[in-house]
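The listed protein sequences derive, respectively, from chains L, S, V and U. At position 201 of the first sequence (counting the first as 1) the number is 200 in numbering that gives the first Met the number 0, and the numbers step up by one without a gap. At position 62 of the second sequence (counting the first as 1) the number is 61 in numbering that gives the first Met the number 0, and the numbers step up by one without a gap. At position 65 of the third sequence (counting the first as 1) the number is 64 in numbering that gives the first Met the number 0, and the numbers step up by one without a gap. At position 310 of the fourth sequence (counting the first as 1) the number is 309 in numbering that gives the first Met the number 0, and the numbers step up by one without a gap.
Keep in mind that the hints were calculated from the coordinates and are not lab data. Be aware that a few hints might be false.
[Said to hold, decoys possible] Cut-off 25 Å, straight-line C-alpha distance, at most; resulting in silico cross-link-like pairs (SDA-like, lysine to any residue):
#1 S:Lys261 - L:Gln26
#2 S:Lys223 - V:Lys338
#3 S:Lys261 - L:Leu27
#4 V:Lys312 - L:His122
#5 L:Lys303 - S:Leu27
#6 S:Lys312 - U:Pro105
#7 S:Lys312 - U:Arg129
#8 V:Lys223 - S:His122
#9 S:Lys223 - V:His121
#10 V:Lys222 - S:His163
#11 S:Lys18 - L:Glu25
#12 S:Lys18 - L:Asn332
#13 S:Lys223 - V:Cys120
#14 L:Lys223 - U:Met24
#15 V:Lys223 - S:Asp252
#16 S:Lys304 - L:Asp37
#17 V:Lys222 - S:His131
#18 L:Lys304 - S:Gln26
#19 L:Lys222 - U:Met128
#20 L:Lys312 - S:Gly29
#21 U:Lys152 - U:Phe225
#22 S:Lys223 - V:Glu219
#23 V:Lys261 - U:Leu27
#24 S:Lys312 - U:Asp114
#25 S:Lys223 - V:Ala125
#26 S:Lys260 - L:Gln26
#27 L:Lys222 - U:Tyr165
#28 L:Lys260 - S:Leu27
#29 V:Lys338 - U:Met24
#30 L:Lys304 - S:His34
#31 V:Lys223 - S:His123
Number of protein chains: 4
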Amino acid sequence: MIHFNCDYVEAGHPKILEKIVESNMEQLPGYGVDHYCDSARAKIQAACKKTNADVHFMVGGTQTNLTAISAILRPYQGVLAADEGHIACHETGAIEATGHKVLPLPAVNGLITGDQVREYCHHHLADTMREHTVQPGMVYISFPTEIGTLYTKEQLIDLSNACHEYDLPLYIDGARLGYGLTSPDVDVTLEDIADLSDMFYIGGTKCGALMGEALVITNESLKKDFRYIIKEHGALLAKGRLLGIQFDVLFEDNLYFDICKKAVDYSIAIRKAFEAKGIEMWGDSSTNQQFAILTDAQMETLSKKYVYQEWEKYDDTHTIIRFCTSWGTKEENVQELLKDIAAL
Amino acid sequence: MIHFNCDYVEAGHPKILEKIVESNMEQLPGYGVDHYCDSARAKIQAACKKTNADVHFMVGGTQTNLTAISAILRPYQGVLAADEGHIACHETGAIEATGHKVLPLPAVNGLITGDQVREYCHHHLADTMREHTVQPGMVYISFPTEIGTLYTKEQLIDLSNACHEYDLPLYIDGARLGYGLTSPDVDVTLEDIADLSDMFYIGGTKCGALMGEALVITNESLKKDFRYIIKEHGALLAKGRLLGIQFDVLFEDNLYFDICKKAVDYSIAIRKAFEAKGIEMWGDSSTNQQFAILTDAQMETLSKKYVYQEWEKYDDTHTIIRFCTSWGTKEENVQELLKDIAAL
Amino acid sequence: MIHFNCDYVEAGHPKILEKIVESNMEQLPGYGVDHYCDSARAKIQAACKKTNADVHFMVGGTQTNLTAISAILRPYQGVLAADEGHIACHETGAIEATGHKVLPLPAVNGLITGDQVREYCHHHLADTMREHTVQPGMVYISFPTEIGTLYTKEQLIDLSNACHEYDLPLYIDGARLGYGLTSPDVDVTLEDIADLSDMFYIGGTKCGALMGEALVITNESLKKDFRYIIKEHGALLAKGRLLGIQFDVLFEDNLYFDICKKAVDYSIAIRKAFEAKGIEMWGDSSTNQQFAILTDAQMETLSKKYVYQEWEKYDDTHTIIRFCTSWGTKEENVQELLKDIAAL
Amino acid sequence: MIHFNCDYVEAGHPKILEKIVESNMEQLPGYGVDHYCDSARAKIQAACKKTNADVHFMVGGTQTNLTAISAILRPYQGVLAADEGHIACHETGAIEATGHKVLPLPAVNGLITGDQVREYCHHHLADTMREHTVQPGMVYISFPTEIGTLYTKEQLIDLSNACHEYDLPLYIDGARLGYGLTSPDVDVTLEDIADLSDMFYIGGTKCGALMGEALVITNESLKKDFRYIIKEHGALLAKGRLLGIQFDVLFEDNLYFDICKKAVDYSIAIRKAFEAKGIEMWGDSSTNQQFAILTDAQMETLSKKYVYQEWEKYDDTHTIIRFCTSWGTKEENVQELLKDIAAL
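Between the sequences and the hints, there should be enough to build the whole structure, so can you do that?
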């Protein structure tokens, strides 16, 4: 079986493994203060053009989100997020477990807007009994979104402006950031992400690493004592070198972007194959995930050779099916899938 | 410099790396349900002689502790632990962050006793206003303890009995379990650990793995819905294979115990070297950590070649210094240290 | 100005004050174990026909809700509730502050249905990755709802059945229970409430008491150690007598129901006055709250003499206005309002 | 039986009841913004000579402590407190339930010192791995302490200085503040309390009120959004007037101090009676609690007429027994006790 069901079916990029093996017996301090972490930090700061940014490495996305969000919010504050946002749906209430409500905004094509933020805050502040409701304390977005869509630079600027008008830090979940920044449709750069947000993370787990996310804090007021809060959540990796090495390799010679670009190219090819076949796509993803609306017969045919993810029922006779590519997707498997789609 | 400061200065055992590299492009499901995890689980169940035990893999010790403890306790309950216990001292209040108080019992040589548990519970139940105090809800011990000491089988049985007399689950933090079970002084087996506790973890991070701990749940009533609580704490690794592979390798051909045994041998040799020199040792560790009481001059001499950990001031002129060995410690480095101790 | 804005503008029923004054210097034990509390408990058990029910007195509704809900749920569980439910909207995230997500169900006329619960649970259980989402752990409803509507007995039975099909305790917020049980439209009795739920509270604050709610636990498995969890949330009143006396008075000679009945009669009269005037009502409340859809001119006229609550904008030219009556509402004020409505 | 077991055996001062009855049907806004609350606030500000202080009314001590402490601390911080402090012992882990560790300092005579705070903070900051431990974030003391003792002005200044040297807010639990400020031994005034702390509460429950504590925030940076956090903890009383009226009455014509003074006089008389009899006292309380070390025979004799509290076993043949007086203690009961002590 060939897996297109998610973007973490393979382990890690060979160059990463090579470096881990090579440095294996090197004796290094724990908890993220070794020279590989330092080097990775410097490369990420350079890539973001933020030499003063703090960079912390954590193991996974939910862990990074809950640590970041609980560090930013005051106890009575909540986080505004798309109702389809990862923290709203797929983290088993990890944010609530830290005491904070996720305040859902109805997303369109996965996206929320600056005006939705403005309206929510305006309405909150206009309420004379507002202390009976959760105060919006920050905004969470995913770039790309959970369904592969992207904010334009204009949308992102507007969202960032809205946040700052109401004193809300903007946090960007970049679990698939590499696939977003290498989309043919993107007009946002890593530098823009760093400029327009207060904190964001560069996803490693889904973008070439064995595991690991690099949290970047650009807002000075959010940096203080951050290592305490990482440790408090059991998120300070003893052998921090493992995360440092991975990001050090990924941010050497543009590797992170090169491998993500290839996955996006494959994904677009798959989308085009479906469209050429007259199969309707759900959402307009131009990143590494594609959502095709398939009949039961089409699903059955493809299921003989491929593992995909059933996203949700579309109607009585159709289902939305997700196909993901990743840094690890093989050319030959894509070619096979393209052929099989054409033959549907 | 040669590092003896902690037991995670190297990365992971070469056999682990080999297997990770070898399986790298194998397409596998995420979140710990792949065949490597299944195989590792079966081996651990067999090693514990508990075919019905649930085994979950997590990344680190604090993460494992906070997940396990918050799963066991009711909201108003606390966890009894040695006042020197890892959860009481060195986890930045991770247990409190989940809403629970750590109830410290004064440890002697790192150990607590069944009678301390009995007395605490008896006193609690005898208090007519007991609902104004935290109810003891479980007991936490470390095996070996944070200072390298071991419970005898008799002590462990007594502690286990005390727990069960008061309906308290016994949880054992086995961050360094391998070094405990291979001590020359141990009379406890892995099977005993599994028999006498309700939940425990087999430490990987400090015992040969890149990272990872295997949580073993033997008490039927504590198994339900455990994966939810792992995910809720951001502790469900996407590429769970990485943990499965490591424990699968460690529990193949007795590797886990063999590599730990070697480290313990080195440690005992270091202890004997200090003792031969007339240097007093702090505590009677027979595992992989040794605590020597050194003068400033002795410290200075050793600091030229070795990285050790200053544990705490002993008196005005002496400091307690920790030397750790691990699966990764090199024979030649130990020989050198032994020579240098002899020359002090 | 005459206040119809909420149901807690006066203090407490005169008979309550009388009894508090009369017993003032009586020396009594603290924390709810005095004879007034015992007597009140017995009367409530009798009124519910549940002699084995546990009854605990707390001071306010949010306090009671957060204590009850955090006692019922496991850490990774959430509470299903109407999206307009008090816990979802107007408690500043008090439930989330205890670590639990409120899982909103779209309400119609303030009500949710058994089938909504069934569908949610079915969908959850059918999800192969359900441990990535919050597990529904209980259902919360308000009786009457926040907008004054009532579940019929049939609806309540269906909801209760749905809960028990999926092993979910049903919790009923009875902040305005007295007004619900004395509605001309009600076919549910206090006994039904006790039979069909696992835990519920009888509201005092809005129904004649100075403050106080009586939490009734009928499900045996939810009773254990409840006083600990009350104290843990700072909700164990030192002079518990104050709550005991109030419920003892309210449940003597049908007082609770008599005073609520009068308020409901006034409320219905106000509704009829609006309807007679051709003014549209929002929702079909038959309890102590009425929501009239008024023009700006009508609002302005009434605002000269009355304090009401602006609920929300209805359209560009109309606003939904809430008028509440209570046990403390005076006949003469109602007559005046009826006259003024007629004159609009 | 005559009760001396605690200081909340009677309900509330008659003048308070009078005012509650008198104002009962007055229609007032909820949640603490009525004119009685405003008046009480102004009187308290005046009494503290802090016209800019924020004053919030809550119902009980544990509630006030958990609200205040969780508002002050960052998630990874803990609160330094005497190991005998109320939050450390008798609040069922209410502070931990908000995610924070209580960091106990060994008390002498109920008191902690500025140097203990300095030493703890110094040690924390000197630790190179301090992010693995809970950061001290504030200091909690009780005035008077749980065993009736008092800080001198010099001690309080030193403690306050220590706090401010390390940027820690000082919070004072004044559950029995009235009895402390009217002790014959006190050299601290209400104004001093307000000057030397950042936040403190004036206890009502134990000092004449039916219930209620007045939290005073003098540190500007701690005032923001405080009503949200009160509501979040279910601590915003609907009929806030009840708290406002009580403090308005208590701070009229020196009533609070007059009634507490009388209780302290009685308490000192009881102490002297024991001492005259050669009975040893435990601790040197000069407030409203006295702790006598009694033989079993003495206890039995007194238990025929009096309810007292068994504090703890002193030795095999003696027990520490607490006698409390309060605003509600009757002269004749004290006389009787004095006679009976003399007759022991």
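Against the structure, the hints come out as follows:
Of the pairs offered as hints, the one joining S:Lys261 and L:Gln26 holds, with about 18 Å between alpha carbons and a cut-off of 25 Å not exceeded. For the proposed pair S:Lys223 and V:Lys338, the alpha carbon gap of about 62 Å is over 25 Å, so the pair is violated. Taking the CA atoms of S:Lys261 and L:Leu27, the gap is about 21 Å. The hint holds against a cut of 25 Å. Restraint check: the Cα-Cα separation between V:Lys312 and L:His122 comes to about 12 Å, which is no more than 25 Å; the hinted pair holds.
For a cut-off of 25 Å, the pair hint linking L:Lys303 to S:Leu27 stands: about 17 Å separates their Cα positions. Pair hint S:Lys312 plus U:Pro105 holds up; C-alpha atoms about 20 Å apart against a cutoff of 25 Å. Taking the CA atoms of S:Lys312 and U:Arg129, the gap is about 17 Å. The hint holds against a cut of 25 Å. The straight-line distance between the Cα atoms of V:Lys223 and S:His122 is roughly 19 Å, inside the 25 Å bound, and the hint therefore holds.
For the hint pairing S:Lys223 with V:His121, the CA-to-CA distance comes to about 19 Å; that is within 25 Å, so the pair holds. Between V:Lys222 and S:His163, the direct Cα distance comes to roughly 22 Å. Compliance with the 25 Å bound is thereby established for this hinted pair. Taken as a hint, the S:Lys18 and L:Glu25 pair is honoured in the structure, with Cα atoms around 20 Å apart against an allowance of 25 Å. Of the supplied pair hints, the one linking S:Lys18 and L:Asn332 holds, its CA atoms being roughly 24 Å apart against a limit of 25 Å.
Proximity of S:Lys223 to V:Cys120 is assessed by CA-CA distance (about 17 Å); at most 25 Å being required, the pair is judged to hold. Of the supplied pair hints, the one linking L:Lys223 and U:Met24 is violated, its CA atoms being roughly 52 Å apart against a limit of 25 Å. Restraint check: the Cα-Cα separation between V:Lys223 and S:Asp252 comes to about 48 Å, which exceeds 25 Å; the hinted pair is violated. A distance of roughly 24 Å separates the Cα atoms of S:Lys304 and L:Asp37; the hinted pair therefore holds under the 25 Å criterion.
Of the pairs offered as hints, the one joining V:Lys222 and S:His131 holds, with about 17 Å between alpha carbons and a cut-off of 25 Å not exceeded. Distance restraint check for L:Lys304 and S:Gln26: the Cα-Cα separation of roughly 13 Å lies within the 25 Å cut-off, and the hinted pair is therefore satisfied. For the hint linking L:Lys222 to U:Met128, the alpha-carbon distance of about 18 Å falls within 25 Å, and the restraint holds. Restraint check for L:Lys312 and S:Gly29: satisfied, since their Cα atoms lie roughly 23 Å apart, inside the 25 Å limit.
The hinted pair formed by U:Lys152 and U:Phe225 fails the criterion: a straight-line CA distance of about 29 Å is larger than 25 Å. Using a Cα cut-off of 25 Å, the hinted pair S:Lys223 and V:Glu219 holds, with the two alpha carbons roughly 21 Å apart. Only pairs whose Cα atoms come within 25 Å are accepted, and V:Lys261 paired with U:Leu27 is accepted, the gap being roughly 21 Å. This hinted pair checks out: S:Lys312 and U:Asp114 have alpha carbons roughly 19 Å apart, not beyond 25 Å.
About 17 Å separates the Cα atoms of S:Lys223 and V:Ala125, which keeps this hinted pair within 25 Å; it holds. Note on S:Lys260 and L:Gln26: the hinted pairing holds, with a Cα-Cα distance of about 20 Å set against a maximum of 25 Å. Distance check on the hinted pair: L:Lys222 and U:Tyr165 sit about 19 Å apart at the alpha-carbon level, within 25 Å; holds. Restraint check for L:Lys260 and S:Leu27: the C-alpha separation of about 23 Å stays at or below 25 Å, so the hint holds.
For the hint pairing V:Lys338 with U:Met24, the CA-to-CA distance comes to about 23 Å; that is within 25 Å, so the pair holds. Straight-line distance between C-alpha atoms of L:Lys304 and S:His34 comes to about 20 Å, which keeps the hinted pair within the 25 Å bound. Taken as a hint, the V:Lys223 and S:His123 pair is honoured in the structure, with Cα atoms around 16 Å apart against an allowance of 25 Å.
Checked against the numbered hints above, the structure violates hints 2, 14, 15, 21; every other hint is satisfied.
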